[in-house]
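S.K.: Sequence:
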Amino acid sequence: MSDAGALFARLQLRPDATVQDVRRAYARELKRIDQATQAEAFQELRETYERLLGWLQSQEREASVAQPVAQEAAVPQQSAAPQPAPSAEDSGAQVLNLLLECLQQPPPLASNDEAEDLLAHCLRDERLSSLDARQYFEWGVASLLANGWRPGHERLFVPAVEAFGWQDDRSRLLWLGHPGRVLDQAIDELATFDLQEFAVRGTQRDVLRALRADARPATSDLLAWLPLGTQLAGAFPAWLHVVTRPQQLEAWKRWDADVPNWRRWLHGRRRRHKRPVNMPMLKRASWSFGAVWFIAVAVGILAKLSEPRSSPTPPVREVPSSSRLAPPALRDPAPANYRLLPDGRAPANREPDGLGLKREPMKLGPP
Numbered sequence: 001m002s003d004a005g006a007l008f009a010r011l012q013l014r015p016d017a018t019v020q021d022v023r024r025a026y027a028r029e030l031k032r033i034d035q036a037t038q039a040e041a042f043q044e045l046r047e048t049y050e051r052l053l054g055w056l057q058s059q060e061r062e063a064s065v066a067q068p069v070a071q072e073a074a075v076p077q078q079s080a081a082p083q084p085a086p087s088a089e090d091s092g093a094q095v096l097n098l099l100l101e102c103l104q105q106p107p108p109l110a111s112n113d114e115a116e117d118l119l120a121h122c123l124r125d126e127r128l129s130s131l132d133a134r135q136y137f138e139w140g141v142a143s144l145l146a147n148g149w150r151p152g153h154e155r156l157f158v159p160a161v162e163a164f165g166w167q168d169d170r171s172r173l174l175w176l177g178h179p180g181r182v183l184d185q186a187i188d189e190l191a192t193f194d195l196q197e198f199a200v201r202g203t204q205r206d207v208l209r210a211l212r213a214d215a216r217p218a219t220s221d222l223l224a225w226l227p228l229g230t231q232l233a234g235a236f237p238a239w240l241h242v243v244t245r246p247q248q249l250e251a252w253k254r255w256d257a258d259v260p261n262w263r264r265w266l267h268g269r270r271r272r273h274k275r276p277v278n279m280p281m282l283k284r285a286s287w288s289f290g291a292v293w294f295i296a297v298a299v300g301i302l303a304k305l306s307e308p309r310s311s312p313t314p315p316v317r318e319v320p321s322s323s324r325l326a327p328p329a330l331r332d333p334a335p336a337n338y339r340l341l342p343d344g345r346a347p348a349n350r351e352p353d354g355l356g357l358k359r360e361p362m363k364l365g366p367p
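Heads up: the sequence shown begins at 1 in the working numbering, then just goes up one per residue.
Everything labelled a hint here was simulated from the structure, so no lab data went into it.
Some hints could be false.
Taking lysine to any residue pairs in the SDA-like style, the calculated list, with each CA pair at most 25 Å apart, reads [claimed, not checked]:
id, residue 1, residue 2
1, K31, L119
2, K31, A41
3, K31, D168
4, K31, Q59
Keep in mind it's a predicted model, so treat the numbers as computed, not measured.
Given only the sequences and the hints, what does the whole structure look like? Please build it.
M.R.: Structure below.
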């Protein structure tokens, strides 16, 4: 092929590259292309990959059937027998290997959308045109996920469930055997996990990401995440087996045993003064109600103290009717020259009032 050098250059390969090198280079270049917006670039890459792969495979076939020149002179040349068509199992295995190579190539898948595009590209492969090859590829993907976490599995799980319809038709998982039973339980556990509050799930996903790493978490994170990770491993064993490494908890326990007691005491004090992320809404509501009630009482007290004070009005005392005094009797005013007798008695007849007339004593009573 005259343009083989250009094809090798397009995939950034040397002329002595093998078939496996071509597949790895194709997986690497495929991650750099957005199939939705760069259809022409994807088509050009696909044609380059197929032409170069076909040329290398033909070279390998020619090298395998080539005979020494001396043997060709002694034995009459025979036409090469046609190559048999690959079986459905071989076709499905080839596409599955392509998926594995794409998952292993750096950088890792950054989102579920990238995993969905990669899986859709594999399902559009012409080698999966037969039903048997497609079923073998589905069984291979299920076995890959059920055998434990590998880089990229946390992104591939949900797109695989949607692409193969495992969520809607659980009967498809029955013929998969043990991998199907593991995935069936993992699907139920993921649905239960998603029923939790968003803040709670965010903290738990931090723990799952930390379990995928080999590095030791910070001491504060280790003391906080170890109980939560142990709880998650007990509540969602199948799902965690697919999307993370639960066995990493054993290393966390060894690191936790080396933490000094003073560090644990300090961590406990910090947690008591820090409101937890997953505090129930009821507790937050009770704290808010208590604050509002305290403010309302304080405002009422201040308003009462700021009112102007007025002098108190003495109460009117009601005198009982039986103790009321009768009005005093009317008396005739005594004249200026009125005098009592030496013994203190009033004279029988009053002195003249200045007009030469004698007055009789005033009598009170009805007329």
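S.K.: Decide, hint by hint, whether the structure agrees.
M.R.: Now the hints, each set against the structure:
1. K31 <-> L119: It holds: about 12 Å lies between the C-alpha atoms, which stays within 25 Å.
2. K31 <-> A41: Within the cut-off at roughly 12 Å; holds.
3. K31 <-> D168: Not OK: K31 and D168 at ~30 Å, beyond 25 Å, violated.
4. K31 <-> Q59: violated, 28 Å
Hints 3 and 4, counting from the list given before, are not met by this structure.
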